[in-house]
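Trainee: As you go down the protein sequences, you meet chains F and G in turn. Numbering of the first sequence is given in this note's numbering, commencing with residue 1 and proceeding in unit increments. Numbering of the second sequence is given in this note's numbering, commencing with residue 1001 and proceeding in unit increments.
Be a bit skeptical, because a hint or two may be false.
As the list claims (entries may be wrong) - Label pairs and their calculated CB-CB ranges:
{"no.": "1", "chain 1": "G", "residue 1": "Arg1216", "chain 2": "F", "residue 2": "Gln80", "range": "30 to 40 Å"}
{"no.": "2", "chain 1": "F", "residue 1": "Pro389", "chain 2": "G", "residue 2": "Glu1061", "range": "39 to 49 Å"}
{"no.": "3", "chain 1": "F", "residue 1": "Leu51", "chain 2": "G", "residue 2": "Glu1038", "range": "25 to 35 Å"}
Because the hints were derived from the structure by calculation, they are not lab data. Every residue, glycine too, gets a C-beta built ideally from N, C-alpha and C.
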Amino acid sequence: MASNSRAGTSRFPTRRVAVTGAGVVAPGGVGVPAFWELLTAGRTATRGITLFDPTGFRSRIAAECDFDPAAAGLTPADAQRADRYVQFALAAADEAVRDSGLDLDREDPWRIGVSLGTAVGGTTRLERDYVLVSEHGARWDVDHRQADPHLHRAFAPSALASEIAERHGARGPVQTVSTGCTSGLDAVGYAFHAIEEGRADIVLAGASDSPISPITVACFDAIKATSANNDDPAHASRPFDANRDGFVMGEGGAVLVLEDLEHARARGAPVYCEVRGYATYGNAYHMTGLTTEGMEMSEAIDRALAHARLDASGIDYVNAHGSGTKQNDRHETAAVKRSLGAHAYATPMSSIKSMVGHSLGAIGAIELAACTLALAHGVVPPTANYETPDPECDLDYVPRTAREARLRTVLSVGSGFGGFQSAVVLNRAEGSRS
Amino acid sequence: MTSVITGIGVVAPNGIGTDAFWKATREGVSVLDRVTREGCLDLPLRIAGEVRGFDATAAIEERFVVQTDRFTHFAMAAADLALADARLTADPDDPFAVGVVTAAGSGGGEFGQRELQRLWGQGPHYVGPYQSIAWFYAASTGQISIRGGFKGPCGVVASDEAGGLDAIGHACRTLARPDTGTRAVVVGAAEAPLAPYSGVCQLGYAELSLAADPERAYQPFTARACGFSPAEGGAMLVVEDAEHALARGARPRAVIAGHAATFTGASRWAESREGLVRAIGGALEEAGLAPSDIDVVFADAMGTPDADRAEAEAIAAVFGPRGVPVTAPKTGTGRAYCGGSVLDTAAAVLALEHGTVPPTPQVTEVLDDLGIDLVTGRARAVGRLRAALVLSRGLMGSNAALVVKEYTK
Chain F
1 MASNSRAGTS RFPTRRVAVT GAGVVAPGGV GVPAFWELLT AGRTATRGIT
51 LFDPTGFRSR IAAECDFDPA AAGLTPADAQ RADRYVQFAL AAADEAVRDS
101 GLDLDREDPW RIGVSLGTAV GGTTRLERDY VLVSEHGARW DVDHRQADPH
151 LHRAFAPSAL ASEIAERHGA RGPVQTVSTG CTSGLDAVGY AFHAIEEGRA
201 DIVLAGASDS PISPITVACF DAIKATSANN DDPAHASRPF DANRDGFVMG
251 EGGAVLVLED LEHARARGAP VYCEVRGYAT YGNAYHMTGL TTEGMEMSEA
301 IDRALAHARL DASGIDYVNA HGSGTKQNDR HETAAVKRSL GAHAYATPMS
351 SIKSMVGHSL GAIGAIELAA CTLALAHGVV PPTANYETPD PECDLDYVPR
401 TAREARLRTV LSVGSGFGGF QSAVVLNRAE GSRS
Chain G
1001 MTSVITGIGV VAPNGIGTDA FWKATREGVS VLDRVTREGC LDLPLRIAGE
1051 VRGFDATAAI EERFVVQTDR FTHFAMAAAD LALADARLTA DPDDPFAVGV
1101 VTAAGSGGGE FGQRELQRLW GQGPHYVGPY QSIAWFYAAS TGQISIRGGF
1151 KGPCGVVASD EAGGLDAIGH ACRTLARPDT GTRAVVVGAA EAPLAPYSGV
1201 CQLGYAELSL AADPERAYQP FTARACGFSP AEGGAMLVVE DAEHALARGA
1251 RPRAVIAGHA ATFTGASRWA ESREGLVRAI GGALEEAGLA PSDIDVVFAD
1301 AMGTPDADRA EAEAIAAVFG PRGVPVTAPK TGTGRAYCGG SVLDTAAAVL
1351 ALEHGTVPPT PQVTEVLDDL GIDLVTGRAR AVGRLRAALV LSRGLMGSNA
1401 ALVVKEYTK
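All chains should be built: construct the whole structure from the sequences, respecting the hints.
Mentor: In structure tokens:
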């Protein structure tokens, strides 16, 4: 675009971006306190699937949310209109806004944005209604009369950001981001850029997914990406462990309140941390395969750190993608070593997917919420179930037990179908919220 | 830093390739017709813009065709056309220099329905290995990145029809940020929402036209407005830092000068008036242009009375009553969701190049009290067009505005 201070700039944007609120709906507990308790206890929320009968599927385990819409403050009308993944986001956004202390009614609505990620959006409702209109897959020319009147809201992924914007009166840039399993990191990254570049002062940023339905389980069965450790679901998600056999599907949502740091200071708001860097690249290699070198993820880490003007040696904790597939964990270990060098061996690196599973597009935002809490509490969450080292994964994965640590700078990385590799750097200033 | 368009690739109901597309667009040809996609004949949705005569296997390597849905076939074919136009390929010495950004509003519906049928009709083990990469919204960005060897920033916005313009804005900001190292972005959107189940999913939209007569199904800004007809297809662009483009000898076709987006709520069309006014204001400010610098507006043209009135009032509020020529060529093709606003952007660039405002097919007797100068009937030759404004709204409440202007050295 043309040169000016907002987008097509030669003068680089200088606004700083604070995290001032967090909200989480995760397996094992709804709300930030329950989520943080689960992570620091190193407890796993993976179990046999209850959301549908998984008989006949290869993988019959998942990390499910025990989510009650009414208890989360949603009306019966909200619950009927909004898909499960949207409900998660509504609940997480409510908690995040409350936590931030913002009175959004007093803010300029045209300066409030929404950036929410989802990988598979309304799949669960789409599948449920498909079964009705197709008479259980008997016909291609489906019978439209059986369809739910809200079905179009499941069809349109933009319903996610739209619902959150409606509820909180946002009238600025509102978008749904859908880059597969990096959606959560990318949605927060886009929000970071929007504030940094001056397009918004406040952005509700995060992600949500509720993929635990037959079609999603079947499609990961087909490529054997998920764990088939059906007899021991509590120990099935084993990132970096030599005996890992794939990821355990999860669900959930998280929303962070991102705010222009000056705006937060002016209202005297406690600040958790700052978003300092974000980058994403493609591997241009394979939709589901990863290279062994991790060059593209490393590029994302390097660029995010460069933008943050932080050295790799300043990283105190790496929140791993750590999905628990053979190839991911090696790829990621190689990428982190490539970017952090010898410092990689001195840096704790854990995967919360060991506890809350892999909720596809949502997990990146849930992981950033975990990073925010780790910075605030000075505690590194562990990698549950990590017992047997894999010679190709030789970093400090924080086995099973949370660890107290002085944390200033944390890195969160993500990797997704499509070949996407993303990195976000958070940094905590002295005197930040704890 | 100036973002320029150096390549345009179109796969539209009224033409594949910019030559065919521009000819049909300039002549005001309408291709709206009965929906003929297999299994769609009994849908209450009768009229749409189908991309007919598109042979995916002739355009795309077999292995990419089998693992992707029709929406990604369109996107890959459009990207090929845009890249050929721009004469751009990945630089092996700097593979991170070219990124890919798409918008998606409906995903791989036909592929997904086929796999759902296998699952529910036959059993879980009949679901194929490509379902996990064909149905999701990111499929086109991923496949274009892989086919082209483009490792630059990959993005996907799933933000309604207006998402097509948001994707272009996102690409330009990616170019503008020195921290990304990006010199060019392949950006755009293509959709394929005309599978039977996808059709059912759209029936809940109050704005969808269920009319049976292709000549009357989609008539925005008239007393007969009864909603919009959907379409498939879309366009991809190559957007590039002007300096980089010139250094490699590429020809800038137009400048992307400004973009802004707002939100005013799903189907609350009266409120979209202010949303559009503010989006237009933001895009003009970013472009450093005044309303008087805009020579044509490509309207969103939703096709319902309240939505049309809100848009007409927004245009009049910025430009004055009948203050600027307005056109909506999409009445000849239908609205291809995210792809529609990128097609409008392509049409806007072609209009600038030809000094011609294409007409709004099938629309006559524009409501007088709307106060817009809608170009109907035949194209209007105006000699020189300096800048065009493209507007788009989404059914979930997004409003976006994009300014493209002629490239001058």
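Trainee: Flag every earlier hint the structure violates by its number, smallest first.
Mentor: none
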